[in-house]
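Q: Chain W is fixed; fit chain G onto it per the hints.
Residues per chain are reported as follows:
Protein chains: 2
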Amino acid sequence: IIAAMTAALGDGPLAGKHVIVTSGPTHEPIDPVRYIANRSSGAQGTAVARALAGLGARVSFVTGPAQVPLPDGVEVTQVETAREMRDAVMSALPADAVICAAAVADWHVINATQTKIKKDGQGRLPHLDFAENPDILAEISASGPARPPLVVGFAAETDDVLAHATAKRLRKGCDWIVANDVSPATGIMGGTENAVTLITADGAETWPRLPKAEVGERLAARIAQALTG
Amino acid sequence: IIAAMTAALGDGPLAGKHVIVTSGPTHEPIDPVRYIANRSSGAQGTAVARALAGLGARVSFVTGPAQVPLPDGVEVTQVETAREMRDAVMSALPADAVICAAAVADWHVINATQTKIKKDGQGRLPHLDFAENPDILAEISASGPARPPLVVGFAAETDDVLAHATAKRLRKGCDWIVANDVSPATGIMGGTENAVTLITADGAETWPRLPKAEVGERLAARIAQALTG
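The listed protein sequences derive, respectively, from chains W and G.
At the far end of the first sequence sits residue 212, using the working numbering, and the numbering has no gaps.
At the far end of the second sequence sits residue 212, using the working numbering, and the numbering has no gaps.
Bound conformation, chain W alone:
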């Protein structure tokens, strides 16, 4: 309640700052009824957006089809595909920080059809051709003089989490990576808790397993430090 009041008063450490948060999965159509999805519920991105708004930021929230309710006090843009998400993020710039928490599909289907693909009774199987989606995190991280001062990516990994996430930070050119292990056994993807490692230029910092709301609050506090410290 205090956070909500603070935000409503235009107060808080992030007052006057504009932060873009992406969240949720993207859906990539195969035909009018089928699509490729991923197991992101949108819970962590939503928690980050809520916490940033609670610290007084103006938040542009760009979300794919999530399973959790939209956060209050943010400007919402709902999208379906990675290409739509990219366009929405670019339209929301400039920003003081961009937090790419969405689980964006790496590929889309280039031979998606306008009518439902049907079994033809002869056992013929569908053939899907893919193309890479825009890399929103890399694009924002490389956006030149207009680059936001803080760009944060997420890395959902199932194996060799720290190595993959550390490499991702360098490859994408972002400032921080929030890495987590989404192996089915962890119950994190679609669950209520998260166990993350924050990777910055200074190294890796592992946080305890916490409710996603608390992970969002910790991350928002770190973002406030970075933008105002």
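Heads up, some of the hints might be wrong.
Each pair may be met inside one copy or between any two copies, as identical chains are not told apart.
Keeping only pairs whose Cα atoms sit at most 20 Å apart, straight-line, the calculated DMTMM-like set for lysine to aspartate or glutamate is [unchecked claim]:
id, residue 1, residue 2
1, K102, E200
2, K99, D112
3, K99, D142
4, K151, E115
5, K102, D185
6, K102, D112
7, K102, D118
8, K151, E63
9, K102, D79
The set of hints was computed from the structure by calculation and includes no laboratory data.
In this text the structure is predicted, and so the values were computed from the model without any measurement.
A: Relative to the frame of chain W, chain G by itself:
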């Protein structure tokens, strides 16, 4: 309330009858975080199950990952893939009627991986190999002496609805097909209303556009007629 009381008293026209209802989409894994889905919300199958329970039937409800709450007063089995759904339906036999309202995936990915597929930085694209899923409706319709007296399929079409659905009834060997047009412009898939055509051996009967709950009640009443008439 009257329907719920009737059902609780073991009364109603379908008392003593066992009906299996499938509902929702299926999800077919690509890797631990990605899957192929379809736009079924599970709303229509859930409404049919609720209405059948309201008429006193014992309902086995086999559902994929739906977006609507589970109905009360039914025996629920939650599944993810078409293969799991098939096994759950077969385990629930014998039955007086089987209502296949689920939007079952026609294919699954046979080269699904145990670790997340990653972009390799060289622009290589994923290649998915498919195999046909079991055809639950056809299998039930052909199940010999133990075949349930009434087998009902659903046909979600985007073009030439009546012709496709009529052909489907004959091809699958089921008794009735509930056909609807799920073109995106209709707003039916994922929406609250449905406009269906009931196709039986006697021909096609088009119902007005109605809330999905009412479509469920009409269909349950017809099933009760068929099983007890």
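Q: Does each hint fit the structure? Answer for all of them.
A: Evaluated hints:
no.	hint	verdict
1	K102 / E200	neither (49 Å within a copy, 31 Å between copies)
2	K99 / D112	both (16 Å within a copy, 19 Å between copies)
3	K99 / D142	between (36 Å within a copy, 8 Å between copies)
4	K151 / E115	within (17 Å within a copy, 37 Å between copies)
5	K102 / D185	neither (54 Å within a copy, 26 Å between copies)
6	K102 / D112	both (18 Å within a copy, 15 Å between copies)
7	K102 / D118	between (34 Å within a copy, 11 Å between copies)
8	K151 / E63	neither (24 Å within a copy, 31 Å between copies)
9	K102 / D79	neither (50 Å within a copy, 29 Å between copies)
Consistency with the previously given hints fails for numbers 1, 5, 8, 9, ordered from lowest to highest.
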